[in-house]
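A.B. asks: Given the structure of chain E, go ahead and fit chain V onto it with the hints provided.
Going down the list, the sequences are from chains E and V.
Quick note: the first sequence uses the numbering used here, first residue 1, plus one each step.
Quick note: the second sequence uses the numbering used here, first residue 1, plus one each step.
In case anyone wonders, no lab produced these hints; they're calculated from the structure.
Treat each hint with caution, since some may be false.
[As the list claims (entries may be wrong)] Here are the computed lysine to any residue pairs in the SDA-like style, where the Cα-Cα straight-line distance is at most 20 Å:
1) Lys11/V x Glu233/E
2) Lys22/V x Ser68/E
3) Lys11/V x Phe121/V
4) Lys11/E x His227/V
5) Lys264/E x Ala339/E
Predicted, not measured: the structure shown is a model, and the values here were computed from it.
There are 2 protein chains.
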Amino acid sequence: MSRYWSDLTHKLTPYVPGEQPKITNLVKLNTNENPFPPSPQAVSAMRAVVGDDLRLYPDPTCSELRQSLAQLHGLAIDQVFVGNGSDEVLAHAFQALLKQDERILFPDVTYGFYPVYGDLFGIHYEQVPLAQDLTINVDDYLGPNGGVILANPNAPTGCLLSLGQIRTLLQGNPDRVVIIDEAYIDFGGQSAAALVPEFDNLLVVQTLSKSRSLAGLRVGMAFGQAHLIQGLERIKNSFNPYPLSREALAGATAAVADVAYFDKTRQTIMAMRQWLSEQLAALDFTMTDSKANFVFVEHARMGAADIAGGLRERGIIVRHLTANPRTQNYLRISVGTQAECDVLVSALGEILV
Amino acid sequence: MSRYWSDLTHKLTPYVPGEQPKITNLVKLNTNENPFPPSPQAVSAMRAVVGDDLRLYPDPTCSELRQSLAQLHGLAIDQVFVGNGSDEVLAHAFQALLKQDERILFPDVTYGFYPVYGDLFGIHYEQVPLAQDLTINVDDYLGPNGGVILANPNAPTGCLLSLGQIRTLLQGNPDRVVIIDEAYIDFGGQSAAALVPEFDNLLVVQTLSKSRSLAGLRVGMAFGQAHLIQGLERIKNSFNPYPLSREALAGATAAVADVAYFDKTRQTIMAMRQWLSEQLAALDFTMTDSKANFVFVEHARMGAADIAGGLRERGIIVRHLTANPRTQNYLRISVGTQAECDVLVSALGEILV
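So that you can see chain E by itself, here it is in the shape it has in the complex (with noise of 0.2 Å):
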């Protein structure tokens, strides 16, 4: 507290991410990074910018990087937006589309900075319950509204939408820009990028955080019509000219061309995902049907805070979500290697014997 703050400082409460533990030897499950490091490709690239040319500024439009995306989606240079990971890329979105009169719409249960983001940027908004069986009914966002920003696969349910639903959800909100967050996508569903030459109203939202296992580097980006693109630069014209580093640009770049590492790793973190789930449902785990390179699970009889603990006394961390009442008593599990995943299992079971 400071008299010196603003109000809106004040105000605020700010977004807490997953523990970021300084300890080694950790099994760390909790913030769904990617088991396999990144392609060597991309390593070698930011090998190569680390040097002398690092006294000069940064390309600030990041050609190189827009169109190396653009080329992999089949979309033109100016519907690439990149910015440092994607949470400054949705903080910008929120500012230069999301801001209207009406309330905005996103689920009750879904990532957890949507919120954070209303509140700085002084956006009403509404939290849509989702179904019973946790997932997300898009007819619930066919109403008025400012706007409407989804997760998917959602976070933390891992539960996908099909790109009939995402139709269904443009084509009901006309008048609105309607955000489709794919921080997952890329562990199971389709992207929306497909439909950014057919909808006016689409922004696409991607990171290089997990499905390109570069959560360390902060690259994030969104595809869109130019007319939407123009107006998240207007924004990052007006905050910072030069968001990423020119390591970042060069890494990102080789990341994303990368395809065949791409497909490999994100094909073996499925196969991976579909032995945990078996594991885990023979331990009489229930889950929802995840798409992402984690679970979400609940245990028949033990309760979540529980087993988290049960797990971080054997040295593994999970993630206790427990803002709302409806998932407490879930766990969201990132999908390691099979060593880690097998440490996991064995130590689960020593708990809930």
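C.D. replies: Just chain V, lined up with the frame of chain E:
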């Protein structure tokens, strides 16, 4: 233009950074980049972290870097904030500390981003005219206000305020925050960071882009008493909790620690500024008393636009800022290497015959 933009997005006039041409072999003296490469220790530290661990999120508290900066300035770690370039740090400071009911004050000739932040965050501001000799008169900033922000040395003039003048400013504004933006302080000024323990209303902002030769890495920082830093953290954690990548943290920490390299390069730049100023005076330029890594010059006979045009034809880019009528006949020229300054002086000799 888009009907989907927020009202704010329509109204903004984004900042226009100095040109970053993609042509090579230019003598680029337009964005005050350091002519020397970054510290070799910083380069080694970055090379060491470019690898598998980039799959993991960076430390959101940036502890190691903040500790290293705290030590350098004799402060505590909770008196240090870091962000994605000083532009992001300034943006957070405007929103956290300068958004008050009264108008904030800054000079009519200064960093062109200040009015952009004002417009972005709905902060009223008054642009106070510089004195006749283009210096800042601190007495002009002692009346009622919502806060004060001054660049020291000022940009694009390079004129420096003493710590005594800053002390007067702080004492005269006990109820408001005074931000001293020290992007260029290491080229001949004394940092107001030394005054942090004494004044609870002081925030000092710096960058690694200029004196640490790391414009390509995007790291900025702020120093102030813990309650002010907490205000910045509240905004940061409501916007983007992970602003700095793993390599940015590693490179910045090592650059800050390499004081010997920092001192050697900045001393060389100051000596080169002196030499360049003498050469320009001999060519009938007048100039401010710049304590930055640029000179701010006006020619006795030829107009700034013509000189800039003549230099560009010879592959040399300097900055001609035309926004303010009082300084539109000046050029801001970065202090380059000896070779670059030689090329510049020789080209000016041709243009001015």
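A.B. asks: Now look at each hint and say whether the structure bears it out.
C.D. replies: The hints, checked one at a time:
| no. | hint | in the structure |
| --- | --- | --- |
| 1 | Lys11/V x Glu233/E | 13 Å, holds |
| 2 | Lys22/V x Ser68/E | 17 Å, holds |
| 3 | Lys11/V x Phe121/V | 12 Å, holds |
| 4 | Lys11/E x His227/V | 15 Å, holds |
| 5 | Lys264/E x Ala339/E | 18 Å, holds |
Hint violations for this structure: none, all hints satisfied.
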